[in-house]
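Chains D and C are the protein sequences, given in the same order. With the first letter of the first sequence counted as 1, position 63 gets the number 63 in our numbering; the numbers rise by one all the way through. With the first letter of the second sequence counted as 1, position 210 gets the number 1210 in our numbering; the numbers rise by one all the way through.
No lab work stands behind these hints, which were simulated from the structure alone. Some hints could be false.
Stated by the list, open to error - Covered stretches of chain C, going by a simulated chain D footprint (3 or more residues, C-beta under 8 Å):
(1) 1171 to 1184
(2) 1221 to 1233
(3) 1299 to 1308
(4) 1317 to 1325
Stated by the list, open to error - Computed from the model, here is a short list of chain C residues facing chain D with C-beta under 10 Å:
(5) G1033
(6) G1035
(7) R1051
Keep in mind the model is a prediction, meaning the values are calculated, not measured. No residue lacks a Cβ here, since even glycine has one placed at the ideal position from N, Cα and C.
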Amino acid sequence: MTADALRVILFFSSNHAIWAARVLDRRGIAARLVPTPRHLSSECGHAVELRAADAARAAEALAARGVPFDRVEEAP
Amino acid sequence: MIYFDHAATSFPKPPEVVEAARRFLESGGASPGRGSYPGAIDSGMLLCEIRERLAARFGLRDPMRVIFGLNATDALNLAIAGTLDPGDHAITTALEHNSVIRPLKELERRRGVSVTVLPVRPGEALDPADVAAAIAPRTRALVVNHGSNSFGTVLPLRELGALCRARGLTFIVDAAQTAGVVPVSIDEDGVDLLAFSGHKALMGPMGTGALLLADSFDSARLQPLRVGGTGSQSERLLAPDFLPDRFECGTPNMPGLAGLHAALGLDTSGLADHKRRLVRRFMDRALASVPGIAFYVPSDRLQTGAVSFNLAGRTPSAVARALSERADIACRPGLQCSPLSHRSAGTFPQGTVRFSFGWRNTDAEIETAVAALAEVARGGPTP
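Starting from the given sequences, assemble the full structure and let the hints guide the process.
Here it is in structure tokens:
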């Protein structure tokens, strides 16, 4: 993954971020938990980083499973 | 020791449970959701996987609706005190453990909540018509004991759940004695709030329990009893509105939950049959050879592995003491924190002797207990 091709999914809770990572892993979407970028959110927990090309599919998968998330942003 | 007190807590714990708790303390150890280093992520993953396992087991789609707590009592306090406002009315049964009736009575005293206790005997079903007749304009909840800790009987849930859905009542179920041994489906049984311990038939460590919120239950109808740090929305001075953070604060009992995680991975499919077979064997053998023994419910109605009895002319505490001293048998005499059910069964105030069997108990232990009981029954006066 190169930096210019990454997105981060932001969550309201680390519980949701971790659930999301598990859901995406089961769907075969490569993603990893990273510290929430401070300039994007004041959250002290996790965000999910993944390829930009996978972001739309990931968002669909999370919505379909009912995993709450805030928004998708470009990775710093 | 012959341990016949599994209704209090299962013992010994399976070695996988002990090992998982030990392993967490030695090589895991991080607080979940409070950092992004590998240990914290591992703890978060573990917590999430337990939620997923419990959700799957109890018919819940959303694992974030699994709210961890200390035990079933803790979960019931949240369910009861979190849903009833001043002036509300709740319906419950005469089979309840003090973990239900005491929270209700405290609310009656402190918040002006009114409580109707419907009569029902151990081993009988609660007639939905009786519940319907008790519904008043401010009735908010029906709270029922799924499995009697004193008598080992089970209350059918499905019709009650359907009634609650139809009449807009919150259906709160105490599954402390049934989780892990009698199937419960939040969805199919129409349960709104399901409370249970992790340390009884689920065979996890003490200090673990959960309240499960049905997928269809509006979580805004439940108010938290405790608030504090959640690792989320830390800039806000009020607790988050989303689940599970709204109802979970502070550091969870991760060693205990690691043990519960291991317990949930065990094949316990034979546990219920094993417990029921031991109950039947004990009752058959005791009725044949222990003079003056009295049971209160037929064996075919006992489903959790618990069975209550008395010996003519002996108090329960004297029998339990004699069994401990003569045969090193651990059992539970008295009211077992369930005075209402003993009133219903006609065994109040002295209560009963309760044996409750578990995964490691054997036929040989039943024989030892029956022989010891026969000796106590035929012997001289006991203390």
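For this structure, which hints from the list above don't hold up?
Per hint list: 1, 3 and 4 violated.
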